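**Student:** Take a look at the letters that make up each chain.
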Amino acid sequence: QTTITLGAAQTSAGSLPIVVADQKGLFAAEGLKYERLDFKGGAPAAQALASGSIDACICAGDHAVHLEEKGLGGKVLVALADTHSYALLSRADAPATSLADLKGKKIGITSAGSLTDTTLRYALKAAGLDPDKDVQLIAVGRAGPQRAALQAGVIDAGMFTTPDIQITLAEPGAYKIVEDFRKLPYPAQDLVVTDTWLKAHPAEAAKLQRAVVKALEMIKADKAVLQAAVVSMFPKITDPVLIDSITNDVAAGYLSGTGVMTPESFKTLMEMMAAADPKLKPVGYADIMIGAAK
Amino acid sequence: MTDTASTSPGYVASARRRLVSISPTALAQLGFIAALLLLWELGARTLFNPFWSSRPTLIAVRLWELAASGDLWVHTLTTLQEAGAGLLLAALVGIPIGIALARAPKVARTVDPVMMGLYGLPRVALAPLFILWFGIGLFSKVMMAFTMVVFIFILNVMEGIRTIDPDHLDLMRTMRAGRFYVVWRVLLPAVVPWILASFRIGVGLALIGAVVGELIGSNRGLGWYVESSGGQLDTTGVFSGLIVLMVLAMLANQLIGYVERKVVTWR
Amino acid sequence: MTDTASTSPGYVASARRRLVSISPTALAQLGFIAALLLLWELGARTLFNPFWSSRPTLIAVRLWELAASGDLWVHTLTTLQEAGAGLLLAALVGIPIGIALARAPKVARTVDPVMMGLYGLPRVALAPLFILWFGIGLFSKVMMAFTMVVFIFILNVMEGIRTIDPDHLDLMRTMRAGRFYVVWRVLLPAVVPWILASFRIGVGLALIGAVVGELIGSNRGLGWYVESSGGQLDTTGVFSGLIVLMVLAMLANQLIGYVERKVVTWR
Amino acid sequence: MALTDTISAPPRAELANLRIAFPRPDAPPLEVISGVSLQVGEGEFVAVVGPSGSGKSTILRAICGLLKPAGGEVRVNGTRVTTPPPHVGFMFQKDALLPWRTVADNIKVGCELGGTPRQKQPARVAELIRLLRLDGFENAWPRQLSGGMRQRVSLGRLLAYEPDLMLMDEPFGALDYQTKIAMGLELLRVWETERRSIIFVTHDIEEAVALADRVVVFSARPARIVADYAVDLPRPRHMKALRSDPTFTHLTEAIWSDLALPS
Amino acid sequence: MALTDTISAPPRAELANLRIAFPRPDAPPLEVISGVSLQVGEGEFVAVVGPSGSGKSTILRAICGLLKPAGGEVRVNGTRVTTPPPHVGFMFQKDALLPWRTVADNIKVGCELGGTPRQKQPARVAELIRLLRLDGFENAWPRQLSGGMRQRVSLGRLLAYEPDLMLMDEPFGALDYQTKIAMGLELLRVWETERRSIIFVTHDIEEAVALADRVVVFSARPARIVADYAVDLPRPRHMKALRSDPTFTHLTEAIWSDLALPS
Ligand SMILES: Nc1ncnc2c1ncn2[C@@H]1O[C@H](COP(=O)(O)OP(=O)(O)OP(=O)(O)O)[C@@H](O)[C@H]1O
Ligand SMILES: Nc1ncnc2c1ncn2[C@@H]1O[C@H](COP(=O)(O)OP(=O)(O)OP(=O)(O)O)[C@@H](O)[C@H]1O
Ligand SMILES: [Mg+2]
Ligand SMILES: [Mg+2]
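Chains as they are written, first to last, in this note's numbering: chain A, 90 to 383; chain B, 10 to 276; chain C, 10 to 276; chain D, 3 to 265; chain E, 3 to 265.
Any given hint might turn out to be false.
With a cut-off of at most 20 Å between alpha-carbon atoms, the simulated SDA-like pairs for lysine to any residue come out as follows [said to hold, decoys possible]: (1) A:Lys-296 <-> A:Gly-346; (2) A:Lys-325 <-> B:Ser-78; (3) B:Lys-271 <-> E:Arg-103; (4) A:Lys-303 <-> A:Ala-341; (5) C:Lys-115 <-> B:Arg-270; (6) A:Lys-195 <-> C:Leu-147; (7) B:Lys-115 <-> C:Thr-34; (8) D:Lys-96 <-> B:Trp-275.
So, partial list: chain A residues that the calculated Cβ filter (under 7 Å) puts toward chain C [as the list claims (entries may be wrong)]: (9) Ala-118; (10) Lys-159; (11) Gly-162; (12) Ala-201; (13) Ala-228; (14) Ala-237.
Hints are computed from structural coordinates only; laboratory data are not their basis.
Just so you know, these numbers come straight off a predicted model, no measurement behind them.
All residues carry an ideal CB built from backbone N, CA and C; glycine is no exception.
Just chain A, with the same shape it has in the complex (with noise of 0.2 Å):
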């Protein structure tokens, strides 16, 4: 049996599809044993993959890109989500019914250059807005401060992933989704490797891919698999109703069915990366996305 660490960006929904694999003995069948290490973002995790630290990260497509870059051969394994997961909330009694309402007004981040950044960026300058000067983007961290800002008042409205999205939404007449990104097609949560690992280790990452695609297929056959894995990764979470959402949620379109990165969601990827970094090489699809299992 070989280990295989996976670094995640955050507790976040696109760990499921590993639990899954996880808990269905996916891993276990195929001779792998998984542990995986907590991130503070994206970036660090990717990082932590670039060192050599991990074997595999769960994070957004930009990593991939990133590290393909700069040459260090960012690849993707599987494809675990097909479209975006965050969404913009503000207060209920806030006025502001669409990103083109928050002109002049201040928008909670994550941090500066993650994913919300950039997201946000690209879907502002697509509602004929800009980033810089129509509106103030405060990097303002994840969930619990971005909902203590909403409170106090010092932010207009911030971006929120799952399942901050389902918790906060459950406190009746509090807030209100401004703007729903998780329609927009984006790899949102990829498993990234680079390609020092891959030469080294071609069956480890075959046995990988193949668990976790497979973890996938099963989540779209059955959501009381996904539930499970929903129980198990957010323990914190006991409200049968809340589970209930997230996992409808998350099963509606969020997980990549195959394991393969659409053609749509990379679109979206690189135009949003060229949007916040006008000076980014571009990189092809080819460049980045490894062929799903045999």
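Chain A is already provided as a structure; the job is to place chains B, C, D and E with the ligands on it using the hints.
**Tutor:** Below, chains B, C, D and E with the ligands alone, put in the same frame as chain A:
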């Protein structure tokens, strides 16, 4: 002011008083803590939103569950190990460096800016380098705690050595005492108060360092528990972790006080 | 050992030597820094991947660009303001508290565990409370820096007061000196070395505090810039920010050294 | 004896069966003073001599309220001493100068705490510096002084405080004969013109006899009073002449043999 | 004079036209020693007297290499002194005990640095404690001692170091007459049996004459040597008898008047 009648041991009763005084102190401490907890409980129930502050009773229940499941010990031991090793390593490395730099002022002046610059670096931002150099195991967290604390020892010991009575050093020089004799018999005993202060300061920073290390990448430890609870908006979880961290800091401080009383008998 | 001939002022030449010695020190410091930069540049070009460490030349170019665009000043001033205000506030609050606690040992013993516990809390985990209490403006960063540093002052000053010559305190008691007289004329001067050490230690921590503060609600500042570069795996950006932080720490330390030479003339 | 004049007013200082003991770990407390009674009247100058380690400094500390007695009591101006009483100045055996204050500023501490009006302080300090022969060292730091100079600064601080009762613990111990005599004369001048009371610990028997109204001889630890001599020498006394005065030589011889007793 | 015997070997200590000055801000350096020449032979006991602040301690510091002279030079055993020379022990005017070591351990410092074999140290320390009359205080901390007891511990440390040249800065200043005489006798015993050289600074002229082979009188600052008396009194000397010895009284009177000169 009259509290510090440290110089009034002129009556027989004081030896007796010491033995009894242990329990009033502990009582006062516990009473104070209890009062704060009560305030918190009441405040959370009435004044402010318990979503942000949780409540002592909820936390107690959570801690009980964690203890029962065994997770509490795993996380606590992990963090304790990281912070403790970092703190001790910092003392072992920092004290000699502090002494050496204080005794070689030219070298100290040369290295000083770089050292202070390094010290001022936010450790969180150095995460990639820590991962690169020290991996993501125990060692990288120990190093995180270490790099927070080692400068405390260096800076405090350096300043401490400057306050040493020059007559003691002159005495040693006239008796041609060797380098090690001076270090062991004069410098170290003289900077004991500075070392103790460093330990007190260091405890908190080592814990913070360990927690920051756990944020960078881990799957256990109190920092990880706090962060993962925060990620699920579980305030009770956050505060449970924080309370355990506080208890660790308190206990470490008590230990330092105990060692101080054992070591500094001459004051 | 012979470096510390602090007690050999018995010849006329030493006054002259002082004036000249300023520039060799600065030269040695600059030389040391230059040597490190050179090593870094060469290492990054040959030994290790510059993705991890960037290169001094790349950083210089980036800093130049940032300076030209004006961003450098915005970020630097922001962070400097936050850290500086936090440090000064910590000194203003921490020194009196340290003195008061040292003079009222019973109170100190009672509050001690809670204080040490609070000190050991990782600030990042308290982000929601900081936002609720202090918002996300300048004030919250100042408070972040403040809460890191204030304990340093308290703990160092408390320990410093314990090392005061009891004869000085007895003397004041026989002359029935008032509380304020004792504080101003005896306690404060006696703990000046401890306060200076706290400032040295505090500079680094205040910067770290400001940077951590910038992680929870900001859109400028060096910490923000570093984080934002890190998020895009832009190592040169990370190091550019870090280098400026280092320079700030160095300058602050030089300033403390300067103040020390002006204030502690009697040693 | 000078005491009889002041029978109406309470004595300046009074020790009633004073006992002082220091606790020791693993041993019974060290009894330092065992039942000492002593009265010092207003305007009286009492010298105390006794073997090293007998408890002379300890008694002074008790009088100015730095030590709580294990038994008996201390009264100053009729009031029982629990905290340092007002108008009592203590010159420590160790000089206890504040290292961060210059010579002038160390002396000024006495003015500041003794209540000299602020405008008069500089003049007073300057006067004391001249009197103590420290001219030219006003702005020197304590670490730059010789042992005797430090002692004189400490004396200056005491004088600046202008106490009614002066407790002096070997105030001239580090001074050469000439300086000692000059300082002794100054002390007498201050004492005579302002009717201060003085308790003066010394090892120099001749100094004790030459300066004091009474000489109290202590035994070795635990200290008791072995003898209490009234010095019946007329004032002003001339140092040179004293040495050949038979009362003087007699007294010094007597004290000498009191001390030489194996006690 | 004792010096003539040792003309072949270099003198133990030799000051050649020594000048010492301390820099001052905003003023010319303070000249403390201006051209002092002095030779101390092997086994010679030289006492130094002089006004307070004249530079006696400073000269001792220069001899043991703690101060660099501004002019002239210091030689010990024929070698020019730049760093502290071997086998020279200095008893400071301030006692400089290490506060974190007990009485016994403070004395032991002398043994440890003087090279007493480790097994013999406890016995040597015990012997010194008895000799210094500190019995029962072996385990006391310095802060628990009286001034005179501290001074004796400091003396004990010096004796434990067993130096060939002993520099003593008012070693008996805080002691009463009886203890002083007892300690003086012990010092003489050590000195006579082991032919040590001693430079002994004191304010007590009688003590100087009673103990020393030579008494050197310093002027006020800047210090010069005013007089250098050979003490032609036979040894062993009996303290009691000395006081009536005409040579003794003569010498003390002479030194007294040397010092009384307005210098
Ligand atoms: N703080 C203390 N703790 C314990 N013992 C003490 C303390 N202070 C003094 N003593 C003891 O009390 C005794 C008397 O000390 P004190 O200083 O009064 O002597 P003294 O008569 O002034 O002697 P000297 O002439 O040497 O100064 C000594 O044996 C000393 O060890
Ligand atoms: N470190 C120093 N810096 C400046 N001046 C000093 C220093 N040490 C001593 N002096 C000065 O040198 C002079 C002589 O001092 P020294 O201590 O040698 O006197 P002394 O003869 O030992 O006097 P005493 O009998 O009072 O101890 C004094 O005027 C003193 O102010
Ligand atoms: Mg005494
Ligand atoms: Mg001297």
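**Student:** Now tell me if each hint is right for this structure.
**Tutor:** Results of checking the hints against the structure:
1. A:Lys-296 <-> A:Gly-346: 18 Å, holds
2. A:Lys-325 <-> B:Ser-78: The hint holds at about 14 Å.
3. B:Lys-271 <-> E:Arg-103: Measuring from Cα to Cα gives roughly 14 Å; hence the hint holds.
4. A:Lys-303 <-> A:Ala-341: Holds - the C-alpha atoms of Ala-341 (chain A) and Lys-303 (chain A) are around 18 Å apart, at most 20 Å.
5. C:Lys-115 <-> B:Arg-270: 16 Å, holds
6. A:Lys-195 <-> C:Leu-147: 15 Å, holds
7. B:Lys-115 <-> C:Thr-34: Distance ~8 Å between Lys-115 (chain B) and Thr-34 (chain C) Cα, so the pair holds.
8. D:Lys-96 <-> B:Trp-275: 19 Å, holds
9. Ala-118: 35 Å, violated
10. Lys-159: Cβ of Lys-159 (chain A) sits 5 Å from chain C, so the hint holds.
11. Gly-162: Not OK, violated: Gly-162 (chain A) not within 7 Å of chain C, min 11 Å.
12. Ala-201: 3 Å, holds
13. Ala-228: 6 Å, holds
14. Ala-237: At about 4 Å, which falls below the 7 Å cut-off, the nearest Cβ of chain C leaves the hint on Ala-237 (chain A) intact, so it holds.
Figure legend: structure checked against the earlier numbered hints; hints not met, in rising order: 9 and 11.
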